[in-house]
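Protein chains in written order, with the UniProt record's numbering: chain A, 1 to 343; chain B, 1 to 447.
Calculated directly from the structure, the hints in this document are not laboratory data.
There may be inaccurate statements among the hints.
[Claimed, not checked] Some chain B residues near chain A, calculated using beta-carbon distances under 10 Å: (1) PRO52; (2) THR54; (3) PRO56; (4) ALA58; (5) VAL191; (6) GLN252; (7) ASP254; (8) ASN269; (9) GLN276; (10) PHE277; (11) GLY305; (12) GLU306; (13) GLY310; (14) PRO340; (15) VAL388; (16) LYS406.
Glycine included, C-beta positions come from ideal geometry on N, C-alpha and C.
This is what each chain is made of:
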Amino acid sequence: MDGILLQILNGLDKGSAYAMIALGLTLIFGTLGVVNFAHGALFMIGAFCAVSLQRLLGLSFETLDPTKKDFLGNPLKVKTPYIESWFGPEMGASIIDWSVPLAILFSIPIMLFVGWAMERGLIKHFYKRPHADQILVTFGLAIVMQEIIKHYYGANPIPTSAPSAFKGSLDFGVMLGFDPNVIIYPYWRLVYFAFSAAVITAVFSFLNFTTFGMVVRAGMADRETVGLLGINIDRRFTIMFGIAAAVAGLAGVMYAPINSPNYHMGMDFLVLSFVVVVVGGMGSLRGAVAAGFLLGVLESFASMNWIKDVIPGIDQIIIYLVAILILLTRPRGLMGRKGVMED
Amino acid sequence: MSNSNLTRRGLLKTGAVAGAGVALPTIFTASSAAAYTNEPTGGSVTLGFNVPQTGPYADEGADELRAYQLAVEHLNGEGDGGMLNTFSSKALKGNGILGKKVEFVTGDTQTKSDAARASAKSMIEKDGAVMITGGSSSGVAIAVQGLCQEAGVIFMAGLTHSNDTTGKDKKANGFRHFFNAYMSGAALAPVLAARYGTDRNAYHLTADYTWGWTQEASIKAATESLGWNTVNTVKTPLAATDFSSYITPVLQTDADVLVLNHYGGNMVNSLTNAVQFGLREKQVNGRDFEIVVPLFSRLMARGAGENIKGILGSTNWHWSLTDEGTQAFVKSFGTKYGFPPSQAAHTVYCQTLLYADACERAGTFNPCGVGEALEGFEFDGLGNGKTVYRADDHQCFKDVLVVKGKDNPTSEFDLLEVVEVTPAAQVTYDPEHPMFAGGNLGTCNAG
Numbered sequence: 001m002d003g004i005l006l007q008i009l010n011g012l013d014k015g016s017a018y019a020m021i022a023l024g025l026t027l028i029f030g031t032l033g034v035v036n037f038a039h040g041a042l043f044m045i046g047a048f049c050a051v052s053l054q055r056l057l058g059l060s061f062e063t064l065d066p067t068k069k070d071f072l073g074n075p076l077k078v079k080t081p082y083i084e085s086w087f088g089p090e091m092g093a094s095i096i097d098w099s100v101p102l103a104i105l106f107s108i109p110i111m112l113f114v115g116w117a118m119e120r121g122l123i124k125h126f127y128k129r130p131h132a133d134q135i136l137v138t139f140g141l142a143i144v145m146q147e148i149i150k151h152y153y154g155a156n157p158i159p160t161s162a163p164s165a166f167k168g169s170l171d172f173g174v175m176l177g178f179d180p181n182v183i184i185y186p187y188w189r190l191v192y193f194a195f196s197a198a199v200i201t202a203v204f205s206f207l208n209f210t211t212f213g214m215v216v217r218a219g220m221a222d223r224e225t226v227g228l229l230g231i232n233i234d235r236r237f238t239i240m241f242g243i244a245a246a247v248a249g250l251a252g253v254m255y256a257p258i259n260s261p262n263y264h265m266g267m268d269f270l271v272l273s274f275v276v277v278v279v280g281g282m283g284s285l286r287g288a289v290a291a292g293f294l295l296g297v298l299e300s301f302a303s304m305n306w307i308k309d310v311i312p313g314i315d316q317i318i319i320y321l322v323a324i325l326i327l328l329t330r331p332r333g334l335m336g337r338k339g340v341m342e343d
Numbered sequence: 001m002s003n004s005n006l007t008r009r010g011l012l013k014t015g016a017v018a019g020a021g022v023a024l025p026t027i028f029t030a031s032s033a034a035a036y037t038n039e040p041t042g043g044s045v046t047l048g049f050n051v052p053q054t055g056p057y058a059d060e061g062a063d064e065l066r067a068y069q070l071a072v073e074h075l076n077g078e079g080d081g082g083m084l085n086t087f088s089s090k091a092l093k094g095n096g097i098l099g100k101k102v103e104f105v106t107g108d109t110q111t112k113s114d115a116a117r118a119s120a121k122s123m124i125e126k127d128g129a130v131m132i133t134g135g136s137s138s139g140v141a142i143a144v145q146g147l148c149q150e151a152g153v154i155f156m157a158g159l160t161h162s163n164d165t166t167g168k169d170k171k172a173n174g175f176r177h178f179f180n181a182y183m184s185g186a187a188l189a190p191v192l193a194a195r196y197g198t199d200r201n202a203y204h205l206t207a208d209y210t211w212g213w214t215q216e217a218s219i220k221a222a223t224e225s226l227g228w229n230t231v232n233t234v235k236t237p238l239a240a241t242d243f244s245s246y247i248t249p250v251l252q253t254d255a256d257v258l259v260l261n262h263y264g265g266n267m268v269n270s271l272t273n274a275v276q277f278g279l280r281e282k283q284v285n286g287r288d289f290e291i292v293v294p295l296f297s298r299l300m301a302r303g304a305g306e307n308i309k310g311i312l313g314s315t316n317w318h319w320s321l322t323d324e325g326t327q328a329f330v331k332s333f334g335t336k337y338g339f340p341p342s343q344a345a346h347t348v349y350c351q352t353l354l355y356a357d358a359c360e361r362a363g364t365f366n367p368c369g370v371g372e373a374l375e376g377f378e379f380d381g382l383g384n385g386k387t388v389y390r391a392d393d394h395q396c397f398k399d400v401l402v403v404k405g406k407d408n409p410t411s412e413f414d415l416l417e418v419v420e421v422t423p424a425a426q427v428t429y430d431p432e433h434p435m436f437a438g439g440n441l442g443t444c445n446a447g
């Protein structure tokens, strides 16, 4: 039982990232009709926003310490962050410690701009082209983006710590009546789950309770009619592209302490997230979120040892297996609208 | 009026034979003019450096390239000479190899076997490389080693740790300076037993490919022989990024040691996840839970940040060693590039010098002569103490370092500390050892 509870928590945690990326993918497909294979790269750029802010806050000046030697036997260069000299060692260290949460604010304008630039600069030229062309150009764009990141940050993962206050684990087991240390879960992963729930709720609220959101939803249902009413739906869809990019970026920012960011992390999530969108139903926002969490939980269960003993390798194929089963029995996906991408 | 005997069938046959002849790669056909593949005829000799320049190990590949460039400088008599000054063999004079200036070409393995073979083939066929070296993956090393055997050039392996490279997949034209998974197990197990006790329960997470399997088998055998019990061995997909669902089952067992048979990004993520789940603070039956990373790399350890503190593992070489050879190499490399070299840089630098030295001693670039000069060659002064290139399997036998993640690093490079130098005798095994069985060196191929 305790093992199952832990895997449910793991699944919800993985599902949080899948759901946030898939939500953005669906928003873009639903509004602009574009299959954006560069969306994983946006997740990666978000994570590198956290890395960049951590480096910016850690910018240092060097002083020589003659009492210590470096690897060549020269006096050791001791680095002191400017921020610590400006605000004092304790305050400065504390600001650096909180660099990941601060990167949320830092990343939103960057991601909105990246999304806007992508849409206006490249993707808008492919609206009337076949989906295959869109996939090729956005996939190519993703490769370009990751190579740029690799050029400036290197190929190795870069450790990006969560604030000290969120290090360690919560003993869930004790709260549920189990023995101590049986069901423990890292604080930051719980924060990530709560954060994703907040972001997803905010996006749905924006679409459902604001005039802008209602117009966008109307445009998603019937773009032509909304256009005939004199509303510039294209401009709103461009803004939605920026918002979708920001959602993926935020998912990346908060993911940075879970696994050290590397230039390839977007590709690792892209295919899975795309499967999530298809399983949830192309164009269905609720479907994307539900499928994200569902597939995250299933993937975690498939990693359990007794299941792997019965079906070796199931952890590597479970998501695709479920996708095949769902598409065979319900081609429009779990919550897809009738007629959308069914043929 | 002329009569022609040309028939449709005859034309097809002739065409097929001619086509096959044209299509046959020139590297697989002995040239009547040259005694062996790519025999240098001018005033220079070309070496082929095949390293990952793109992909997840690109940083390791970049460090290898830096070391290769340094080795070429030293061979050509430029710079401070580095380990040429400390190498026990004095055949190299700083005037190139056999009087020919050393030049090089580079290829990108992309850490993919097919891409690595293609780039090696191109360097041999188009650039005339007489030797291929480099790489950061056992799968790639085994693939390129096979190609070099067919092509008739020497392959001096880079960073490859699988037992198979000089075990079941060994080749007469292939040579490995780097240590292997068996040696990691043999060096690490006694230290683990001394520090953590002989009655531990180990749980293995293993990358699901050739290196991971041999690493797991080696550590498992070595620790079990000292009394440890293996609770479970779980294979993890190479493409896995989040290891939480593989680590949480560890909490449900009575395991008190987690062995991470992972390298590169896998190692960074699995170790980070294990620390996140509180395994470092966990106690089982009144004893501290321990994590072990059998193969450490400083470049990769940087990615795991503070999580490596106190973690035991093994490594082929470390810049903090105090022997003459190490100090000469670190000084050369550090002065030129501004930071200390990695173990990948060290092993490829040594391989280049060892190849050049063998050519000088053999008096030829002929791979069979070079191979003969390397077989059974004993040397010192290259940073690993007394070393021998065993003739039976072309594996170097030398001291192995057991290292620990440093608690108080003084810089971003100062991440590991050497806790024990395991003597070569302790990590030496019989050429017919079951973990290395099934292979055959065959005979050298000169093309």
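Status of the hints after comparison with the structure:
no. : hint   : result
1   : PRO52  : holds, 8 Å
2   : THR54  : holds, 8 Å
3   : PRO56  : holds, 6 Å
4   : ALA58  : holds, 4 Å
5   : VAL191 : violated, 25 Å
6   : GLN252 : holds, 5 Å
7   : ASP254 : violated, 12 Å
8   : ASN269 : holds, 5 Å
9   : GLN276 : holds, 4 Å
10  : PHE277 : holds, 6 Å
11  : GLY305 : holds, 3 Å
12  : GLU306 : holds, 7 Å
13  : GLY310 : violated, 16 Å
14  : PRO340 : holds, 5 Å
15  : VAL388 : violated, 29 Å
16  : LYS406 : violated, 13 Å
This entry does not satisfy hints 5, 7, 13, 15 and 16, going by the numbered hints stated previously.
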